[in-house]
Amino acid sequence: MAAEAWRARFRERVVEAAGRWERVREGLATALAHVTSPMLAADEEAAAAARTRIQLAMGQLEDASRDLASAMSLMKAADLLALHGDSVNPSTFLGGIGHLGAQYLAERIAVTKLREAWEDARDAYTNVEWCRSHLDAILLMLDHPHLPSVDGLIEEDRAAADGFLQAAIGRAELGNERAVDARQDVSGAN
18 MAAEAWRARF
28 RERVVEAAGR
38 WERVREGLAT
48 ALAHVTSPML
58 AADEEAAAAA
68 RTRIQLAMGQ
78 LEDASRDLAS
88 AMSLMKAADL
98 LALHGDSVNP
108 STFLGGIGHL
118 GAQYLAERIA
128 VTKLREAWED
138 ARDAYTNVEW
148 CRSHLDAILL
158 MLDHPHLPSV
168 DGLIEEDRAA
178 ADGFLQAAIG
188 RAELGNERAV
198 DARQDVSGAN
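The sequence shown maps to residues 18 to 207 in this note's numbering.
The set of hints was computed from the structure by calculation and includes no laboratory data.
A hint or two may mislead.
[Said to hold, decoys possible] Quick list of simulated restraints, FRET-style, between CB atoms:
id: 1; residue 1: L122; residue 2: E29; range: 37 to 47 Å
id: 2; residue 1: A50; residue 2: A119; range: 39 to 49 Å
id: 3; residue 1: T129; residue 2: A25; range: 18 to 28 Å
It should be emphasised that the depicted structure is a prediction, and the values quoted were computed from it without experimental measurement.
We put the beta carbon where it would ideally sit given N, CA and C, even for glycine.
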């Protein structure tokens, strides 16, 4: 593959992945605002408000899951482009990113950061899905306000959802930082 062609495609993937990461961070922060408030089933009005907050949070979490999956795909595509790009035969891989030519130092550094960001995305995605499962459980319990200790059970699941969401946010912040750094690394590369 011609050097400039693969580098341009590589940069496009890096820029788009960083954009997805930024959307993930914003969506998770919005979801957190809906998850932190107490949720009660005993009072009909409070239960309705909790359902609304959960549905809003679930929408943000669904978008974050989709953006994390897209970011992971884009980062992997950039990685593969780099491994193919400087190869004598573009249909074969280089032996590793360390074999990428010295003139592609920015891309080598960016791939290293993208690989770390990919790990962050995988972990954030897992935490988002666990958060969603706890919120689903709360939705089920809100429909049964007469269960013994239902508000306590709801609070346990809400606290668990909050914990998983906080963990997802932490990984998203790391992943976003790495993806933005990778974007900056290649933005000035020739």
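Hint-by-hint comparison with the structure:
1. L122 / E29: 37 to 47 Å: At roughly 19 Å between Cβ atoms, E29 and L122 fall outside 37 to 47 Å, so the hint is violated.
2. A50 / A119: 39 to 49 Å: With a Cβ separation near 48 Å, A50 and A119 satisfy 39 to 49 Å, so the hint holds.
3. T129 / A25: 18 to 28 Å: Because 20 Å falls inside the window, the suggested range holds.
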